[in-house]
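**Q** Order-wise, the sequence lines are chains A and B. First residue of the first sequence: 1, per our numbering; consecutive thereafter. First residue of the second sequence: 1, per our numbering; consecutive thereafter.
Errors might be hidden in some of the hints.
[Unchecked claim] Cut-off 25 Å, straight-line C-alpha distance, at most; resulting in silico cross-link-like pairs (DSS-like, lysine-lysine):
#, chain 1, residue 1, chain 2, residue 2
1, A, LYS316, B, LYS168
2, A, LYS335, A, LYS316
3, A, LYS532, B, LYS26
Simulated from the structure, these hints should not be mistaken for lab results.
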Amino acid sequence: MSDISDWAIPVPLLFLLEFSPPKISSILLSNYVSPSNPPTTCSISTSHIKILPANRPAVASKPTCFHLYHRLPGLMPESCLLIIVGALVGAIIFGTDHKSPPVMDSSIYFLYLLPPIVLEGGYFMPTRPFFENIGSILWWAGLGALINAFGIGLSLYLICQIKAFGLSDVNLLQNLLFGSLISAVDPVAVLAVFEEAHVNEPLYMMIFGEALLNDGISVVLYNILIAFTKMHKFEDIEPVDILAGCARFIIVGVGGVFFGVIFGFISAFITRFTQNISAIEPLIVFMFSYLSYLAAETLYLSGILAITACAVTMKKYVEENVSQTSYTTIKYFMKMLSSVSETLIFIFMGVSTIGKNHEWNWAFICFTLVFCQIWRAISVFALFYVSNQFRTFPFSIKDQCIIFYSGVRGAGSFSLAFLLPLSLFPRKKMFVTATLVVIYFTVFIQGITIGPLVRYLDVKKTNKKESINEELHIRLMDHLKAGIEDVCGQWSHYQVRDKFKKFDHRYLRKILIRKNQPKSSIVSLYKKLEMKQAIEMVETGILSSTAFSVPQQAQRIHGTKRLSPEDVESMRDILTHNMYQVRQRTLSYNKYNLRPQTSEKQAKEILIRRQNTLRESMRKGHSLPWGKPAGTKNIRYLSFPYGHPQPARRDPRAADFTGNDSSDSELPSIMFKAHSRTGTLQERRLTHEIIPMKSLPSGGKPCHVRYPRNTSQEEHVGPGRREALRPKPLFHAVDEEFESGEESEEESSASGSRWSAEPRPSRQHHRSHSPLLQRK
Amino acid sequence: MGLILCSLVSHSQITRLYSRFTSLDKGENGTLSREDFQRIPELAINPLGDRIINAFFPEGEDQVNFRGFMRTLAHFRPIEDNEKSKDVNGPEPLNSRSNKLHFAFRLYDLDKDDKISRDELLQVLRMMVGVNISDEQLGSIADRTIQEADQDGDSAISFTEFVKVLEKVDVEQKMSIRFLH
Chain A
1 MSDISDWAIP VPLLFLLEFS PPKISSILLS NYVSPSNPPT TCSISTSHIK ILPANRPAVA
61 SKPTCFHLYH RLPGLMPESC LLIIVGALVG AIIFGTDHKS PPVMDSSIYF LYLLPPIVLE
121 GGYFMPTRPF FENIGSILWW AGLGALINAF GIGLSLYLIC QIKAFGLSDV NLLQNLLFGS
181 LISAVDPVAV LAVFEEAHVN EPLYMMIFGE ALLNDGISVV LYNILIAFTK MHKFEDIEPV
241 DILAGCARFI IVGVGGVFFG VIFGFISAFI TRFTQNISAI EPLIVFMFSY LSYLAAETLY
301 LSGILAITAC AVTMKKYVEE NVSQTSYTTI KYFMKMLSSV SETLIFIFMG VSTIGKNHEW
361 NWAFICFTLV FCQIWRAISV FALFYVSNQF RTFPFSIKDQ CIIFYSGVRG AGSFSLAFLL
421 PLSLFPRKKM FVTATLVVIY FTVFIQGITI GPLVRYLDVK KTNKKESINE ELHIRLMDHL
481 KAGIEDVCGQ WSHYQVRDKF KKFDHRYLRK ILIRKNQPKS SIVSLYKKLE MKQAIEMVET
541 GILSSTAFSV PQQAQRIHGT KRLSPEDVES MRDILTHNMY QVRQRTLSYN KYNLRPQTSE
601 KQAKEILIRR QNTLRESMRK GHSLPWGKPA GTKNIRYLSF PYGHPQPARR DPRAADFTGN
661 DSSDSELPSI MFKAHSRTGT LQERRLTHEI IPMKSLPSGG KPCHVRYPRN TSQEEHVGPG
721 RREALRPKPL FHAVDEEFES GEESEEESSA SGSRWSAEPR PSRQHHRSHS PLLQRK
Chain B
1 MGLILCSLVS HSQITRLYSR FTSLDKGENG TLSREDFQRI PELAINPLGD RIINAFFPEG
61 EDQVNFRGFM RTLAHFRPIE DNEKSKDVNG PEPLNSRSNK LHFAFRLYDL DKDDKISRDE
121 LLQVLRMMVG VNISDEQLGS IADRTIQEAD QDGDSAISFT EFVKVLEKVD VEQKMSIRFL
181 H
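So here's chain A without its partners, still in its complex pose (with noise of 0.2 Å):
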C-alpha cells in the first residue's frame, strides 16, 4: 500500500480527470449528435436494427467549439481517449519525478474497481435478445475465451522454447497463465463506434455478451492457473489436478450464477416492501449486488458471474417496484461508479506505462501480438461454423469479420497483469509490457480503424443527396417495417420463452412484484386514453353529433414557386430533425450516456394524437377514421382559433366564457389545446377541448362544452366527467383549471340560470376535480 501522502497529487489529479475535456467531450458528445440524422440505407444483413444517435440533436443552439469533438465517438472508442488520459497523468508524475506513484494492488482491483464495471454491463444489458440468442453467445464466450487462452499459451510456450530468444526461463504454466488473461476483451469499447452504422441485433448481442462473460471467465482461469503455479511450485501437477481444475472450472461458474440468482431475488423480494423508505432502494440494490459478490468470492466462487447474474435477474423486478427517482438514481449512479472505476483502471494503466519497470523483448512481444490476432480469428471462424449450423440465421462472414475484429482488449487484462505475484513470475515485467502493447495497439489501432471497417463491409454506398421525397418515403417505410415487425411479434425459440415466461407470470411476480404501483408513465398514458376512448364511445350513443364542417383551409395555389437549394436544404432539415424516430427494437448502449426521454416524448405525441383522432371521427358517428379520409385530418390541422386564443393557460375562465358566449354563433369548431404542444412536458400536460353540440330541446344555439381532460394525473375521472356531458340545455361544465372550485360555481351560476337544472352532479364534478387540483 501506498503512502498517503504519494496520493497527494495524484487525487486531485484524478478529480480534475474526471471533469477533463476528453471525458468532457466524451460525455457531451454523445448528447450533441451530428447534425445529420439519417439512417444509412446500407447494413450488413437485412434484419438490421437501427442504432440511432443517443439523443436527438438540437444542434443549432449548441456552440461550434464541440463541434470539434463531436465527430471524435465516432471515431474510436472511449476507451483511446481514457488511456491518452492516463498516459498524460503518468507522464506528468514520471516527470515531475514523483517518488512512487499509486500503486494498484489486487484488493483494491477486486474489492472495489471491478464490481461496479461488471455490475453496469450486467445491469444495461438487454436481457431479450441476450436470452434469444444465450446459446450462440454461451457457446462463443465460453469456448471462445478457452480456445483463445489455452492457444496462446501453448503457442507461446512453443515460441519460448526456441532457445534464441532468451525466454526459456518461461515455462508452460506461466504461458498459459499470460495467455489467459491477455484474451480477456473488452469489445464494449467498440460498440460506440457501431452507433453510426446500422447493426444487426444478434450481432450486436454477441459482442456484449461477449464482454459481458469473457471477463468472468478470464479471471476464473487466471485463479485456477494461479493456484496451479502456486501448487507446481511445492510439488508436482498430476493429471488428476487437472481435471480437478476443470471441475472447478465449471463449478465456480456455475455456482457464481446460482449465487447471483439468489441474491437478485432477494433483492427483488426487499424492494417489494419499500415504497415508504424509498430513500434507500439504491442503496439495497447496489448493496445486495455487492454482497453477492462478496458472498460468491468467500466461497470460491466466481464474483463477476455472480454479480452479473444478480443485476440481470435483479432488473426486471426492481425497475417496477422503485419509485422512478430511485430508478433514476440507481442508473446513474451505478454509470458513475462503473466510470470512476474504469478510469482509474485506464490510469492506472498509463502511469505505469511511463515508468521505469518495463523490460521489452522483441520476440515475445510480436509473437504475441500475432498469436492473439490468429487465435481469436481461428476461435471466431471454427466456433460460429459450428453454432451457425444451429441456428435459424447463421452469422454471415461479414458479421464474423466484424467479431473477429472488435477483439479490443481493456482494462481487465492490464489488472491482471499487473497483479501477478512478482515471487512466482520473475519475469512480470516482460509480461506487463507485453500486455500494455496489445491493449495499445488494439485499442487504438483496432479501435479506430473498426469503425471505416464496418462501414466499408456495408458495401452498399448511400446517396447522401437525398431528395425530400426519398426521405419522406424512406421513413415511412421504416415505420411500415417496424410496424409489421411488431404485428409478427418477437421472434425466438418461443417455446422456452414463454415457459419463463408463463411460469414468471404466474409465480415469480406475484411474489416479487409490489402490487399496485404506478405503472410506467406511457402505458399508463396509454390505459387513460383507452378507458377515455371507451367512455366516449359510450356517450356517442348519448350525444348526436353535429354535421362536422370543416371550414375548409383555403387549398392553396401551390404554383411552380421555384425554391433556391438554400430552402430546399433548410426543408430537408427541418424534415430530418422532426421526424420521428423509428422505433427501436434494442436498447442502444452507451457506456456514458443513458438513453434520453425523446422516445417517450415521441410516444406520448404520438398517442395523443391518435387517440383525439379516434374519437373525433367517433363523434362523427363514423366507427373508424378509415372511412372518410377527410374525418382523418389531424386534429392539429383543424385548429382554428375563433377568438380562442391558441395555447391554454391556467389562469381564470372569465375572458374564456365571454370568449365562448360570443363565438357561440360562429361555426363549431373542435379546438385542441394542448399543453404538450407548448413544450412544457415536464409539467402536466392538460388537453382542453370544445366539442360543439347541438342542444337538443332548445334548437338551434349550439352549445360549448368544455371538456377537461388531463392526462397525466392517475384518478380516473370517468363518472364525473360522464355526468358532465349529459346533454342538458345550455350545459356548461366546468373547467378543470379553476383553482378553485367556488369560483367556477359562481361563475357559471352567473351564466344564468343554467345551473339549476344539474346542480349536483356539477358538484361532484368539482369535487372530483378539486383534489386533482390541489394535487397540481
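Since the structure of chain A is provided, determine the placement of chain B on it from the hints.
**A** Just chain B now, kept in the frame of chain A:
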C-alpha cells in the same frame, strides 16, 4: 391456399405466424378485428399505426382471416436471388419490388384513386412529424415533395412517379423482414 402459402413462406414460419395469429385473436373466432391489432402496444405508438392496421383489412371489411393476414405479411418477404430469374409469365410474386412499393403507396393513398394528392401527403406528413413544425412549413414541404416527383403536372403523385422517385432506394431491403424468409 396451401400452394400460395408454400410459395410465399416456409413451413416453419407459417406455424409460428399462425401461433402469433391465434395469440392476437382474443375473440377466438379465427379472424382478427381492428381492435385485436390495436391491442399491440407498439403499434399504438407507431406514427403510422392506424394505417398499417388498415392495410391488413381488405376493402370494406372488418375482419381478416389467417389467409389475409399471411397475404399482407407476404409482401415483406425478402426477395431472393433465385427468384429474380423466375419465369416472367407467372403472376408477379407478392414480395416483388413493385408490389412492395404498391403497398407503401397504398399507405398514402386512402381514397384509392392511384394518386397521392396534396392533402393525403399532408396527412401522412403530419402523422410522421413532431409538433414543432408549423402548418405553413409542412405545407411547403408537401408542395416541394409533389413538385419534385410530379412529372405530368397534375399536382399529385401517381404510382409511376412514386416508383421513379424511389428508383435509387433499396426498397427490397427496406421492406423485408428477415424472419419471413
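**Q** For the pair we were handed, LYS335 of chain A and LYS316 of chain A, check the Cα-Cα distance against 25 Å.
**A** With Cα atoms ~18 Å apart, LYS335 of chain A and LYS316 of chain A stay inside 25 Å; holds.
**Q** Is the Cα-Cα distance between LYS532 of chain A and LYS26 of chain B 25 Å or less?
**A** 22 Å, holds
**Q** Can the restraint linking LYS316 of chain A and LYS168 of chain B be considered satisfied, given a maximum Cα separation of 25 Å?
**A** 44 Å, violated
In summary, the one numbered hint that this structure violates is 1.
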